Amino acid sequence: MPETTLTPPPHKIPTVFTRAELDWLPWIEPLAEAELTERQIAALMDPGRVKSPYFRLLARDPDALEARTRTDKDIFYNTDAGLPRAERELAAAATSRLNGCIYCASVHARFSATYSKRAEDVQKLLDEGVSADLGERWNAVVAASVALTSTPIAFGPAHVARLRAVGLDDLAISDVIQGASFFNWANRLMLSLGEPAETA
Amino acid sequence: MSMSETEADVIDTLVGIAPGSPLDAIRARRPEARKHAQASFQALFAPGDIAGVSAEERFAVGCFVAGLHGEADTAAFYRAGLASSGATEALCAAVTVAVAEAVTEGPYGSFPAGPLTAEDTPGLIYSVGAELREALGLRLVAALEHVHMLVFHPRDAAPEALQALLDAGWTTTDIVTLSQIAAFLSFQIRVVRGFRTLAAAA
Numbered sequence: 091m092p093e094t095t096l097t098p099p100p101h102k103i104p105t106v107f108t109r110a111e112l113d114w115l116p117w118i119e120p121l122a123e124a125e126l127t128e129r130q131i132a133a134l135m136d137p138g139r140v141k142s143p144y145f146r147l148l149a150r151d152p153d154a155l156e157a158r159t160r161t162d163k164d165i166f167y168n169t170d171a172g173l174p175r176a177e178r179e180l181a182a183a184a185t186s187r188l189n190g191c192i193y194c195a196s197v198h199a200r201f202s203a204t205y206s207k208r209a210e211d212v213q214k215l216l217d218e219g220v221s222a223d224l225g226e227r228w229n230a231v232v233a234a235s236v237a238l239t240s241t242p243i244a245f246g247p248a249h250v251a252r253l254r255a256v257g258l259d260d261l262a263i264s265d266v267i268q269g270a271s272f273f274n275w276a277n278r279l280m281l282s283l284g285e286p287a288e289t290a
Numbered sequence: 011m012s013m014s015e016t017e018a019d020v021i022d023t024l025v026g027i028a029p030g031s032p033l034d035a036i037r038a039r040r041p042e043a044r045k046h047a048q049a050s051f052q053a054l055f056a057p058g059d060i061a062g063v064s065a066e067e068r069f070a071v072g073c074f075v076a077g078l079h080g081e082a083d084t085a086a087f088y089r090a091g092l093a094s095s096g097a098t099e100a101l102c103a104a105v106t107v108a109v110a111e112a113v114t115e116g117p118y119g120s121f122p123a124g125p126l127t128a129e130d131t132p133g134l135i136y137s138v139g140a141e142l143r144e145a146l147g148l149r150l151v152a153a154l155e156h157v158h159m160l161v162f163h164p165r166d167a168a169p170e171a172l173q174a175l176l177d178a179g180w181t182t183t184d185i186v187t188l189s190q191i192a193a194f195l196s197f198q199i200r201v202v203r204g205f206r207t208l209a210a211a212a
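Residue numbers (the working numbering), protein chains in the order written: chain A, 91 to 290; chain B, 11 to 212.
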């Protein structure tokens, strides 16, 4: 007998991009918390993630999960110079907005708003989409993220020049590249293995 | 693939990053991302435990996803990986034809019904051509149709798409691995293009 997908419990599906906290409900069975092996628990990296259906689902391939998470953490949390955290999160939010990942956009719009203290501009990105006018520096980061997210990839020398013109050095530009690229990874997992739900 | 091929850093190789170059120094400032982007490649394409997804299936999906992005050198790398994985010439050829019939422009797709419906964008829903089905087999037909959605219109994802994979003989754990392959490549291919562009703009 082939396995079957899960039917999520009744819930309200978010129909707009939001900075509110959302839940995420899996479409296929995560590992049960009690059945996690030591290797799978180690791959979660953070003990709190045993409560997360998303991470317990990804823990089915623990090596891939652990490498994914370590890549993610360095791109977004490494504090050695480069792009300020607020703008790394902006690249993540813009990528998620374009791909249509309401869940990822909610998390990273919140982070971007928190670190930048520019909640109104972040909300404008969510409400109006990636063509919103957020001032030239943020517009350059969003445009680079959009060009990287498009398939075929549209990122070119003009995007690099525009980022340099607003003051980004090459390490900061590499953070835009890795931040937007990483969310092309994250969005595809979040969007395709389950769905967001408004919290009760 | 031989061990030496899989041990070389794939992103460095595809970008053409020479030791001591400016981009080598930049990547060294994000050492964990560099190390674990490569560890992700290893985990997905040369895992210690091959589990339910064969090397040939991993590279067939990888070759298809890379081909859909139209980045020639990356696509050639995964095409070589498929050829070295034990795949028959018929399978390699079928994946190449599948890329040609499936390639389009993204992201497109639909949002949950509501205010965002105004942004819904139609696009190709890929179905593998009848003449390729025998060479690919049931499992890979289902896998290629699924990862085409992941590459170009991930917001159209639905439980029915996962049921189609389960019905074709993939397990829940296999689906996690397949999804990681397509999603990881969506990252790796963009990092390569981004770094190449940055290096050329020095």
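I should point out that these hints are in silico values taken from the structure, not numbers from a laboratory. Please read these numbers as outputs of a predicted model, since none were measured by experiment. Hints may be right or wrong, so weigh each one.
[Unchecked claim] Chain B stretches covered by chain A per the calculated footprint, using a threshold of three residues with CB under 8 Å from any CB of chain A:
# : segment
1 : 46 to 54
2 : 64 to 77
3 : 106 to 120
4 : 176 to 186
[Said to hold, decoys possible] Distance ranges between label pairs, derived from CB positions:
#  : chain 1 : residue 1 : chain 2 : residue 2 : range
5  : B       : A35       : A       : H101      : 42 to 50 Å
6  : B       : P29       : A       : A251      : 38 to 46 Å
7  : A       : T127      : B       : A86       : 48 to 56 Å
8  : B       : A140      : A       : E226      : 50 to 58 Å
9  : A       : E111      : B       : P57       : 12 to 20 Å
10 : B       : A86       : A       : D217      : 25 to 33 Å
11 : A       : A248      : B       : A140      : 41 to 49 Å
12 : B       : G30       : A       : A290      : 53 to 61 Å
13 : A       : P137      : B       : S137      : 18 to 26 Å
[Unchecked claim] Mimicking SDA-like on lysine to any residue, the simulated pairs with C-alpha atoms at most 25 Å apart in a straight line are:
#  : chain 1 : residue 1 : chain 2 : residue 2
14 : B       : K45       : A       : E111
15 : A       : K214      : B       : A145
16 : B       : K45       : A       : K214
17 : A       : K102      : B       : D177
18 : A       : K102      : B       : A49
19 : A       : K163      : A       : E111
20 : A       : K163      : B       : C102
21 : A       : K102      : A       : S142
22 : B       : K45       : A       : K102
23 : A       : K102      : B       : G124
24 : A       : K102      : B       : Q173
25 : B       : K45       : B       : L33
26 : B       : K45       : A       : D259
27 : A       : K141      : B       : S64
28 : A       : K141      : B       : S31
29 : A       : K141      : B       : T181
30 : A       : K102      : B       : L33
31 : A       : K163      : A       : G138
Where a beta carbon is used, it is the ideal one built from N, C-alpha and C, also for glycine.
* Asked: Are the Cα atoms of K102 (chain A) and S142 (chain A) separated by 25 Å or less?
  -> Roughly 19 Å between the alpha carbons, so the hint for K102 (chain A) and S142 (chain A) holds.
* **Given hint K102 (chain A) paired with K45 (chain B) - CA-CA distance at most 25 Å** => violated (40 Å)
* **25 Å Cα cutoff - pair K141 (chain A), T181 (chain B)** => holds (23 Å)
* **25 Å Cα cutoff - pair K163 (chain A), G138 (chain A)** => OK: K163 (chain A) and G138 (chain A) at ~16 Å, within 25 Å.
* Asked: Would the pair K45 (chain B) and L33 (chain B) pass a check requiring their Cα atoms to be no farther apart than 25 Å?
  -> holds (15 Å)
* Asked: Is the straight-line distance between the alpha-carbon of K214 (chain A) and that of A145 (chain B) 25 Å or less?
  -> violated (49 Å)
* **CB-CB spacing for E226 (chain A) and A140 (chain B) relative to the 50 to 58 Å hint** => holds (51 Å)
* Outcome, coverage of the segment 64 to 77 of chain B by chain A - at least 3 residues whose beta-carbon is closer than 8 Å to one in that chain -> violated (count 0)
* Check of the segment 46 to 54 of chain B against chain A for coverage (Cβ-Cβ below 8 Å, three residues minimum) -> holds (count 7)
* To do: Starting from the range 12 to 20 Å, see whether the pair E111 (chain A) and P57 (chain B) falls in it by beta-carbon distance.
  => Given about 35 Å between the Cβ atoms, the range is violated.
* Asked: the segment 176 to 186 of chain B covered by chain A? Criterion: 3 or more residues, Cβ-Cβ distance below 8 Å.
  -> Coverage by chain A holds here, the residue count being 8 at a Cβ distance below 8 Å.
* Asked: Per the hint of 25 to 33 Å, is the separation of the Cβ atoms of A86 (chain B) and D217 (chain A) within bounds?
  -> Violated, at about 42 Å.
The structure fails hints 2, 6, 7, 9, 10, 13, 14, 15, 16, 17, 18, 20, 22, 27, 28, 30 (numbered hints given earlier, in ascending order).
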